[in-house]
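Heads up: the sequence lines are chains F and D, in that order. In the working numbering, each number is its position in the first sequence, counted from 1, plus 120. In the working numbering, each number is its position in the second sequence, counted from 1, plus 853.
Derived by calculation from the structure, the hints in this document are not laboratory data. Please read these numbers as outputs of a predicted model, since none were measured by experiment. Do not take every clue at face value.
To be verified - Here chain F is said to cover these stretches of chain D; the calculated rule only asks that three of the stretch's residues, wherever they fall, bring their Cβ under 8 Å from a Cβ of chain F:
1) 1051-1060
2) 1099-1108
As the list claims (entries may be wrong) - Here are some of the chain D residues that sit facing chain F, going by a computed Cβ distance under 8 Å:
3) 1149
4) 1170
5) 1171
For each residue, glycine too, the CB sits at the ideal point set by N, CA and C.
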Amino acid sequence: MKKSGNLMSSKIKISSKDVSVFYSQNKALNNITFDIDEKKVTSLIGPSGCGKSTFLRCLNRMNDTIDICKVKGKVLIDNEDIYAPNVDPVLLRARVGMVFQKPNPFPKSIFDNVAYGPSIHGLASSKDELENIVLTSLQRAGLYKEVKNRLSETGTSLSGGQQQRLCIARAIAVSPEIILMDEPCSALDPIATAIVEELIDELVKNYTIVIVTHSMQQAARVSQNTAFFHMGNLIEFGSTQKIFSTPQFKQTQDYITGKIG
Amino acid sequence: MNKNTQIIKSSLLKRKRSEKYFKYFGLTGIIAALLFLTIIITSIFTTGKKAFKQTAIKLEIFFDPKIIDPENKGTEETYKSANYKIVIKNALLNYFPSVNKRIDIRDLTNFISSSEEERLLEMILKDNTLIGTTKELWLTASSTIDVIHKNLEMLNITEKDRLIDNKEKKWFTKLLDDEKLKFQFNKTFFTSADSTEPEQAGIWGSAMGSFFTVLVTLILSFPIAVAAGVFLEELAPKNKFTDFLEVNINNLAAVPSIIFGLLGLAIFLNVMHLPRSAPIVGGLVLALMTLPTIIIATRASLKAVPPSIREAAIGLGATKLQTVTHHVLPLSFPGILTGTIIGMSQALGETAPLLMIGMVAFIVDVPGSFLDASTALPVQIYLWKSTAARGFVELAAAGVLILLTFLILMNSFAVYIRKKYEKKW
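Model the full structure from these sequences, guided by the hints.
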């Protein structure tokens, strides 16, 4: 079903309205407005420093942890503004999971890594239930077969690609609605990258995925929609097929053909 | 060879030379430091080791029933009220039959440490069948005899500069020639507290005082400092006020310790009326002094935890406090612990503030609790060093050795903890 470019109208999951981000006085993002469809992969591409990661971190209010960062505008998830004063960012982050650029498992056992989210949120009422969540999450992340005999070993003892899939398992253990991925394959070799990309294809059946990537090929392979950012502006947004075959703007064309970036 | 290579080659010689000079410079520094350290340790050790042995005199002690239990009552009270000095005197006179003048007898009796009277009593209390028997015993000599025995060359100096006069010298030489003198291990040093007599003075009292003091310091400063460090680093907003706090905490770490002593005197003793000379007050004062050290160590080790771990936890929906207690704090714990142990060894070696709150008194009893009057190891060393009497110099040096041993043990423990628990990621 990927890259089918079908015109089947899908439900909008996230809606960004005039989002601007400031670091102290510097404007990092400038009035970003676009919609992200439910249960699709949307990739954010653009040269380094264009603001794509900053935008991604707006979607689960990760930017709140940076004191000098100020976000203006609205981000609607299921038509509710996540920057509204009555929204608890802790609850939001349980709904919007995140996978980071560098695999960052906790220096704990593989089991504890995955079990951490469900146990802090009290999602499992018994030990068996928790174990069940952990095992399904590992299965969904395609890691179960490789680690089933060493669940008590530390997460950091795994290879880079396995660590990243562990981080994905950790994120989906909380059963989020949306998964944000910030260049999840930039630290991985091509084989591990291929495995993670297959996983994304699988996950998109159940989750809305937003992925930041530096690799145009990856964006083309995994995403249905693509947004091209440049210098803090959203230049172009549309179906991945359209962006890569018939870009509307010269900047987009230059970037995807490798002239800038 | 092209031109650039030529230029680089000629400058390379100069660069290599300065590198070599720098290396020699550093090496000289380290050698000098090691040299001084060796000199200090050797000089302390050569003096201090004399305190670990003491002179004993072999005498035939007759447990005379006429002195110990004249009315043959056989009760403990009688034994306790007996005058064992006479038992020792008789043993000495038995060995030196020519001594008969009262003043000479007194001088002769002074050969034996007064602590031995107590020992004879304890022997009797343990086994009263000894009464009426004669036993060969090694009795601890007085400090004067001990000093002479340890420095035999003193016998050759003129009488007026010598510690003992000619007749005492004669007795001493006789004992020496008859092989009635020997060195024995100075157990007293490790088991008793201060005393006016060097041969009866020990380090144990002040070691216990130090132990109680440092324990109070640890119990108070560790939780408070870690909580403060975590709050400032992780939870407090970054604004002018917290900046101001940070500057002040850093300054506090550099405040001379005697100021903390004055503070303790003014508040803990004069306002709160806590007992003077007590380890609890010493501990309070040293806790104030150690707080900034541990806070700074805590903040530094929290800072060293990679942000990716924080992001992972926050991204999963952990609260700030959960992020800190579940992930950041466990990872920074080795660093915090190292800082704490170093703070504790600082506290252990601290003297000045303890002088202010009266832990400098002459205390003969080994303290049993936080409220008993006591001294601390460094203060005890200071006290012995400032005592003019012969024999205390060695004790002071031995005290330094004990203190250094504790410090080295604590610091190696800190290194061990850091090596064992530091995680790689």
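task = Output the numbers, in ascending order, of every earlier hint that fails for this structure.
result = 1, 2, 3
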